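Colleague: Sequence:
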Amino acid sequence: MKPLDPFADKIAIVVSSCDPFFDAWRPFAQFFQKFWSDCPFPVFLVVNELDPRSSWIRTIRVGPDPTWGRKLITALRQIPQSHIIYFQEDYFLTSRPDEELMAEDLAYAFENDVDSFSFRARSKLEANFEFITERFGVVPDNSDGRTRCQANLWKREVLLSVLREEESVWEFEAGASPRTRHLRILSYGTREGSPINYTMSAIVRGLWMPEALALCDEHGVETRPRLRGIYSDNKWQQRIRRAITRSRIRRALAKNPHAIIDLDA
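Residues in the sequence shown are numbered consecutively from 449, following the working numbering.
No lab work stands behind these hints: they were computed from the structure. These numbers come from a predicted model, not from an experiment. Each hint should be verified, as a subset may be incorrect.
[What the hints assert, rightly or not] Simulated pairs of lysine to aspartate or glutamate, DMTMM-like, Cα-Cα distance not exceeding 25 Å:
(1) Lys703 - Asp513
(2) Lys572 - Asp453
(3) Lys458 - Asp561
(4) Lys482 - Glu547
(5) Lys482 - Asp513
(6) Lys683 - Asp710
(7) Lys572 - Glu559
(8) Lys703 - Asp561
[To be verified] Ranges of calculated distance between the beta carbons of each label pair, as one might list FRET restraints:
(9) Asp561 - Lys450: 31 to 37 Å
(10) Ser503 - Arg544: 29 to 35 Å
(11) Asn576 - His706: 17 to 23 Å
(12) Asp712 - Asn576: 28 to 34 Å
(13) Arg674 - Glu613: 32 to 38 Å
(14) Lys683 - Asp712: 36 to 42 Å
(15) Thr581 - Asn682: 29 to 35 Å
(16) Pro454 - Pro705: 24 to 30 Å
(17) Gln526 - Ala575: 25 to 31 Å
All C-beta atoms, glycine included, are put in the ideal place defined by N, C-alpha and C.
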């Protein structure tokens with residue numbers, strides 16, 4: 449028996465996305481297959497109207513232009529597993545997950561009725577963070593980081609109770625923490641030794657991060673169609689590249705709003 453097999457029927461991986469980010473779906477799938485092709489959990493990709501096809505990724509189509517909150521609520525209601533691990537389409541795996549370590553963490557979460565468990569630490573440890581082990585601990589009740597959208601294990605019903613239909617992902621991260629004061633939320637205390645390693649965001653403000661493209665080049669992963677500009681710290685360049693990117697993607701989606709996208713290609 450493999451370390452994660454006892455959790456295989458309890459957990460689903462949910463990849464939050466929307467059609468304007470369809471160009472990240474193939475790279476996400478390729479990195480996932482490269483590093484975790486034998487993942488025991490079903491993987492669900494949340495989309496609007498496009499038609500991604502895959503031999504191993506399942507699609508949940510939620511219709512045109514719902515908010516992030518409404519989209520995720522709609523998707524979670526269609527998933528039978530009691531727990532989910534949250535991903536986004538631009539979280540590219542960078543190494544094989546440590547399944548033995550993950551199994552230890554999951555066992556602790558299930559045995560101790562944990563509501564949410566973040567496998568990625570914040571950049572700075574909070575003063576009143578309470579370590580349980582040398583790896584992870586309890587996120588303070590007054591923390592504004594209790595609802596970070598990183599690779600988190602969530603009880604599905606608990607996440608549904610915290611989500612609000614009208615919220616964007618940024619509003620959820622910034623404002624939902626007070627709604628979780630009564631919940632038991634854990635997180636890794638440092639970014640070293642996490643069982644899941646990935647690019648935190650391959651796309652920032654709608655633009656490819658240079659290091660994400662370098663990672664793709666290193667592993668022979670294509671980003672196609674190449675519609676998206678490259679991120680720049682220069683605000684003027686950033687605005688121009690974002691405007692061009694939005695225009696290109698809008699035209700591509702308008703041309704074929706129900707396009708079939710082969711994620712295994």
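Colleague: Taking the hints in turn, state whether each one holds.
Modeller: Cross-check of the supplied hints:
1. With a CA separation close to 17 Å, the supplied pair Lys703 and Asp513 stays within the 25 Å bound.
2. About 33 Å separates the Cα atoms of Lys572 and Asp453, which puts this hinted pair outside 25 Å; it is violated.
3. For the hint linking Lys458 to Asp561, the alpha-carbon distance of about 14 Å falls within 25 Å, and the restraint holds.
4. The hinted pair formed by Lys482 and Glu547 meets the criterion: a straight-line CA distance of about 15 Å does not exceed 25 Å.
5. Straight-line distance between C-alpha atoms of Lys482 and Asp513 comes to about 32 Å, which puts the hinted pair past the 25 Å bound.
6. Annotation: proposed proximity of Lys683 to Asp710 is violated, straight-line Cα distance about 35 Å (limit 25 Å).
7. With a CA separation close to 28 Å, the supplied pair Lys572 and Glu559 exceeds the 25 Å bound.
8. The hinted pair formed by Lys703 and Asp561 fails the criterion: a straight-line CA distance of about 48 Å is larger than 25 Å.
9. Between Asp561 and Lys450 the beta carbon distance is about 25 Å. The supplied range of 31 to 37 Å is therefore violated.
10. At roughly 20 Å, the beta-carbon separation of Ser503 and Arg544 lies outside the given 29 to 35 Å, and the hint is violated.
11. For the pair Asn576 and His706, the supplied restraint of 17 to 23 Å is violated, since their beta-carbon distance comes to about 50 Å.
12. A beta carbon spacing of about 47 Å between Asp712 and Asn576 contradicts the range 28 to 34 Å that was offered as a hint.
13. The hint said 32 to 38 Å for the Cβ distance between Arg674 and Glu613, and at roughly 34 Å that hint holds.
14. Checking the proposed 36 to 42 Å range against Lys683 and Asp712 shows it holds: the Cβ atoms sit about 39 Å from each other.
15. Between Thr581 and Asn682 the C-beta distance comes to about 43 Å, which lies outside the given range of 29 to 35 Å.
16. The hinted window of 24 to 30 Å between Pro454 and Pro705 is violated, with their beta carbons roughly 42 Å apart.
17. With their beta carbons about 41 Å apart, Gln526 and Ala575 fall outside the hinted range of 25 to 31 Å.
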